[in-house]
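Based on the hints, put chain B in the right spot on chain A.
2 protein chains.
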Amino acid sequence: MTTRSLDLVKSGGFNVIGKRPVRHDGVDKVTGRAAYGADIFLSGMLHAKVLRSPHAHATIVSVDTSKAEALSGVHAVITYKDLPEPSEGTTELNESGVQDTYYKAYNMLAREKALYDGHAIAAVAAIDPHIAEEAVRLIDIEYELHPPVMDCKQALAPDAVLLLPDIFTDTEGEIDGKPSNVTKHVIFEEGDLEGGFAEADVVVEAEYNTATVHQGYIETHNATARWHEDETLEVWCSSQGQFGIRQELSDLLRMPISKINVTPMELGGGFGGKTTVYLEILAALLSKKTDRPVKMTMTRAEVLRGTGPTPGTWEKVKIGTTNDGKITAVHVTLYFEAGGVPGSPLGAGAMTALGPYSLKNFRIDGYEVLVNKPHSHAYRAPGATQAEYAVESAVDEICEKLGMDPMEFRLLNASREGDLRVDGPPLLLVGNVECLENIKNSDHWQTPLKQPEEPHLKRGRGLASGFWMNGGGMSSAQGRVNPDGTVTLVEGSVDCGGTRTSVAMQMAEVLGIPIEDINPIVPDTDSVNYTGVTGGSRVTYATGYAAIEAAHEIVRQMVEGMADIWDVDPQGVEFEDGTFSTNGKTVSFKDAASLLDDEDIGILGTASVAPSRAGNAFTVQLADVEVDTETGKVQVLRYTGTQDAGVAIYPPYVEGQLQGGIVQGIGWALNEEYFYDDEGHLRNASLLDYRMPTALDLPMIETVITEVPNPGHPFGVRGVGEVSIASPPAVIANAIHDAVGVRMRDLPMSPPRVQKAISENGGA
Amino acid sequence: MTTRSLDLVKSGGFNVIGKRPVRHDGVDKVTGRAAYGADIFLSGMLHAKVLRSPHAHATIVSVDTSKAEALSGVHAVITYKDLPEPSEGTTELNESGVQDTYYKAYNMLAREKALYDGHAIAAVAAIDPHIAEEAVRLIDIEYELHPPVMDCKQALAPDAVLLLPDIFTDTEGEIDGKPSNVTKHVIFEEGDLEGGFAEADVVVEAEYNTATVHQGYIETHNATARWHEDETLEVWCSSQGQFGIRQELSDLLRMPISKINVTPMELGGGFGGKTTVYLEILAALLSKKTDRPVKMTMTRAEVLRGTGPTPGTWEKVKIGTTNDGKITAVHVTLYFEAGGVPGSPLGAGAMTALGPYSLKNFRIDGYEVLVNKPHSHAYRAPGATQAEYAVESAVDEICEKLGMDPMEFRLLNASREGDLRVDGPPLLLVGNVECLENIKNSDHWQTPLKQPEEPHLKRGRGLASGFWMNGGGMSSAQGRVNPDGTVTLVEGSVDCGGTRTSVAMQMAEVLGIPIEDINPIVPDTDSVNYTGVTGGSRVTYATGYAAIEAAHEIVRQMVEGMADIWDVDPQGVEFEDGTFSTNGKTVSFKDAASLLDDEDIGILGTASVAPSRAGNAFTVQLADVEVDTETGKVQVLRYTGTQDAGVAIYPPYVEGQLQGGIVQGIGWALNEEYFYDDEGHLRNASLLDYRMPTALDLPMIETVITEVPNPGHPFGVRGVGEVSIASPPAVIANAIHDAVGVRMRDLPMSPPRVQKAISENGGA
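Quick mapping for you: the protein sequence lines, in order, are chains A and B.
This note's numbering puts the first sequence at residues 123 to 886.
This note's numbering puts the second sequence at residues 123 to 886.
Only chain A is shown next, with the shape it has when bound in the complex:
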């Protein structure tokens, strides 16, 4: 089922790569010993709680903290006035990919206005969390309420209420010369769109909407900060990247990064949602003000109300093809909700929308729009799920019009090596076609779907593709050889899904030692060189690359050391399969470690790399669903997904990423949404009411690993963490259409919506 093709893979296989060892983080996690942010306790530590706006859109007329400050046990209260005054500016990302500090700060602590239900306004530090909570209730705020703006259509209406009217006149925020809620317009285009549509025999034009959904990580946000008298800052928190947190704190606090040390605690899920500060900045300011360490943790309701979900969208797709199914032109228009301040995964959504297809003529217009919801943030292949739900649904519609098998349509139009991405770079060797073929050859595709006997149950099958760029960027790793022949691997990437092991395996492969002999650790920002965020499906690729380079440096140093011991030229020392040799003498890696230690030779291989040829990721997914036409409930009966992993370093991880992304995507498809009332209050801010799929809702997700090695990595790795979430809503929508003949154009496809669509369609 795999299609490894690089010479290095062909030439005899790997010792460690492709195996399924016990993961390094496993035992501690299952026995409760792994240390998360909630496990931090410091001497003299205070606890802090946040006052959050109960209103979706309100001017803050006054804030009176005097009663809270007077409460016994309270040490300090902060508002936005405790932040250094940020410069006003644009929504551009800075070098570190951080959104403009002014709006970032505005989101951390509301200024003139509260911009969504849950927007943080003040925080209180006290001797225990209960007193802090009580003090929060003692803060008096006078609000002046405004009508909430809750989706893109409302925000774009000619008479729309403006969220931040004064600020945006120097940005994209004008429509027809008037200020608007639009904060960004991105365009990707190539070829002759009009000519393409003119060539088309068949055209489909359709609109879609997706809901605001949350990443739903199990561990809630937390942060502990200790401000030092010499104006340095220590922070412990749950994040997908200690260096990104350091950078944001540096920007927000206007402190040099070298004065900030961030220790990443074990990560209880992130999915893109833990790549930014929320509590960290509040804890830091409170620690500064109180001269004490300050710890903060969120409740689940705070996570849902106050942190960044992925945005709801309004999307339009126009696609034209010849009669034999060749695409001649596509126009995609995306409206992404930013939430209360600018910033969203719009750009990535636009870049992925058309990834699976080889196109001559296309245009993608993307608009980012302010609404009174939490500031949107990354969620696993950010923007791709929204965009591909629209495009892959439209593809299904045109296949229906053409009377063409959707698999054949995709094979005919598939993007391949050398095709350009919409944002420019050419695709390297990629497995888009191989993914399609692996699904086509799967037992699932080959097994016809049978209809049940009950007349109210209808089954259907859906297919969709997905694309994600995958990231590269800088990563660092160090390997220190211990006297007992084990290697401590210091890596800069926060462990997500077991990446300690997927990175360590690459080092072990180079060193020719068992994976059990490598002990990977992920330290604070002071203790390892800069490493980009654990996101963009980049860790096993880029940090693995660094580990490989560090391993080569270890070998170089050990060869030199053994040459000294053997009194030969280093060029006369060979290293292969974990053994050093010269003139018939051999010594194992383990024994060499001990010999070199005896000579007081410390072996430390280090590497910082910024590889730029991350292999792009493709997925193809297939589902069978059963629709209860009476209730509208959709049951997923069978689901098979494949993705191009490049070379699968740790195959169960690839399977797990496929399964995890698909399950989350099914959540988007069928149930998950931020449910707001007319005043803009979030009414389902708990995991009881915000309905994520459970094991009982789902079949076993079948996985097929497609392996088309990435030529941009020594072992052929490409990222695998994200692309799997891009397809499920389209897969399920297409399957529902197949089952009951209705086209679901709004997520989630919840029972009431499906039931309504069926009945509007005159029944199934």
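A portion of the hints provided could be inaccurate.
No copy labels: a pair is met if it fits in one copy or bridges any two.
As the list claims (entries may be wrong) - Taking lysine-lysine pairs in the BS3-like style, the calculated list, with each CA pair at most 30 Å apart, reads: (1) Lys482 with Lys448; (2) Lys141 with Lys381; (3) Lys712 with Lys410; (4) Lys707 with Lys411; (5) Lys300 with Lys141; (6) Lys151 with Lys562; (7) Lys440 with Lys275; (8) Lys275 with Lys300; (9) Lys438 with Lys411; (10) Lys381 with Lys411; (11) Lys878 with Lys411; (12) Lys381 with Lys438; (13) Lys411 with Lys151; (14) Lys712 with Lys381; (15) Lys448 with Lys410; (16) Lys410 with Lys151; (17) Lys562 with Lys523.
Because the hints were derived from the structure by calculation, they are not lab data.
Same frame as chain A, now just chain B:
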């Protein structure tokens, strides 16, 4: 007053070295934010307390822990049976300088016998320290008491009670074919001793005794351990070296070092006493048994009763000279108390005894002897103070006999470059003579001592020299360059007395940047390469050396990076005084850091070094005392000390080390001693009763830094931490003799002893 002589020092001075910047550890320590072992809190953590023997010498007939275990809140009780069975063996040190594991383990948890008052027998982990204490009292132990053996003479008597009779028959423990309490006999000799004494015109033969004294660090011992289900162990503790603690835990627990990670907490004083495990092993065993993290801290009484003081000794010196004062032969015999199990600083005492002198004929016999006291351990220049008290007193006696100025005697006989140490290695360029001359030229020496008018007050002046080897050994450092041009210095040496800064200054000097731009950190054993203990006056020398090498590697990488940016050959790029240049273009270190970061070039210089040419240390000290002949109280009126610092990296540190060592030595001289009753109970186990000098007892200690650069270090550094403690007891004894004509042969020279000596001498 300084005598810098290396070319590098002459050639134009330093930018950073020799300055007095704000030390990196200062602000956190004075504002209470520095994190010590007592500041560790882990989720689910238990607290443990130790049951200690109330008897000095007793067979443990039975231990019944059932009542303790039954107490609500108690999680586990351990005794020596919970330790892996150590192999029986000799008292030899292993490669890591760790004493044989069997006796180390015996000292941690008593086996068949309790060997001193305070010997740990069991430990209890409970939900809080109070319940743990209560449970300790519920352990029933049946003892069979033996007569305690409290000093060397008693232990060496023909009919002496034996502490460990069965074990020692395979070691040195036989005298005249019979088992004894002697555990070691070391000999250093050279030349013809008998011939030398035959040449002598004048001979002095004398005996001296020193008391058991404690290092008296402010912070008591503490340790927190977390045992993981995958048989790995984390430990947080106060120590002078995380790697030594790891090694001892590895030996005691029979676990590979790679399974143990030790995090060094801030150190609240050590002075040699925190170079070994006490609580760490107990916390680890209890954590293993309870599946919970376990924290332990000692009370002051536990520190005094249960940790290693420096041994009491019995010493004999025979010295012969010609009539003009040239030494012809010396014989020194040292008996050092080991405490209850083998091991002591005997070897170092023997090696230092005669260091200040150039000798043709000598012999040193050293014996280590078991007594029922806590197991002796290192204390600042371990063994030197005892040995030099004897030798420098005897030198004063012979000067008196010769009618010779003790300064001239020392100048005449001074050891110099090329002289061999008693243990073999030749002295490098050393400042023994320069130290003598600096004291000779000091205002103190030049100012005659005036007698007071009160007839019962007599003043005297004393002089003594001191010697210490200083250590080298392996150290590691890494410098990572941050984009803002600062450098994070990761060093393996636990900070003692501000060594973060003395090491960082050497890196700053090479890099040509301000010391404020270097941020030194000291991480856990997983995060930095092996580094020897913070002891032996080795840190500023060896870890400084590593920092220099790491800095050179940083420069090399940055030159290469700038060559890339400038598109020139690296050999065309110059680096001087913090500036890179080529063909008229220049860029500062700070700007280069930013430019290289823009290019995703991570700069990380690393070095592990094991320099072997640590410069030897000499001190010369001078004191004026006033003796109250009625009470025997001795008041130190004026005290001046110098030591050869090589090049003083941070001059106030050198002054501080001189002052600190001298103050501790004055404590040995005048007041400090373990006071035992007839049954061997320690009767002064508190800092109220164990009398350390306070600021009110002392004059300002005047310091003179002698700087004879060490040719074995790039900046001429030699260690400065220890030698200053070697001389004070001899200085004070010689001054008392000068004042009142009595020779004090027993430490401490406390008021009753002095008064008694004066009255036995017929008054002053």
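Here's how the hints hold up against the structure:
1. Lys482 with Lys448: within (11 Å within a copy, 102 Å between copies)
2. Lys141 with Lys381: between (42 Å within a copy, 23 Å between copies)
3. Lys712 with Lys410: For lysine 712 and lysine 410, the Cα distance is within 30 Å only across copies (28 Å; inside one copy 49 Å).
4. Lys707 with Lys411: neither (65 Å within a copy, 46 Å between copies)
5. Lys300 with Lys141: The answer is neither: 60 Å in one copy and 63 Å across copies each exceed 30 Å.
6. Lys151 with Lys562: The answer is neither: 38 Å in one copy and 67 Å across copies each exceed 30 Å.
7. Lys440 with Lys275: within (19 Å within a copy, 103 Å between copies)
8. Lys275 with Lys300: The answer is within: 17 Å in one copy meets 30 Å, while 101 Å across copies does not.
9. Lys438 with Lys411: neither (50 Å within a copy, 63 Å between copies)
10. Lys381 with Lys411: Answer is within; shortest intra-copy Cα gap is 17 Å, inter-copy 41 Å.
11. Lys878 with Lys411: Neither way: lysine 878 and lysine 411 sit 55 Å apart in one copy and 61 Å across, limit 30 Å.
12. Lys381 with Lys438: Result: close neither inside a copy nor across copies, 47 Å intra and 57 Å inter.
13. Lys411 with Lys151: between (35 Å within a copy, 19 Å between copies)
14. Lys712 with Lys381: Between. Shortest inter-copy distance 15 Å satisfies the 30 Å Cα cut-off; intra-copy 39 Å does not.
15. Lys448 with Lys410: Answer is neither; intra-copy 63 Å and inter-copy 67 Å both fail.
16. Lys410 with Lys151: between (33 Å within a copy, 17 Å between copies)
17. Lys562 with Lys523: within (22 Å within a copy, 107 Å between copies)
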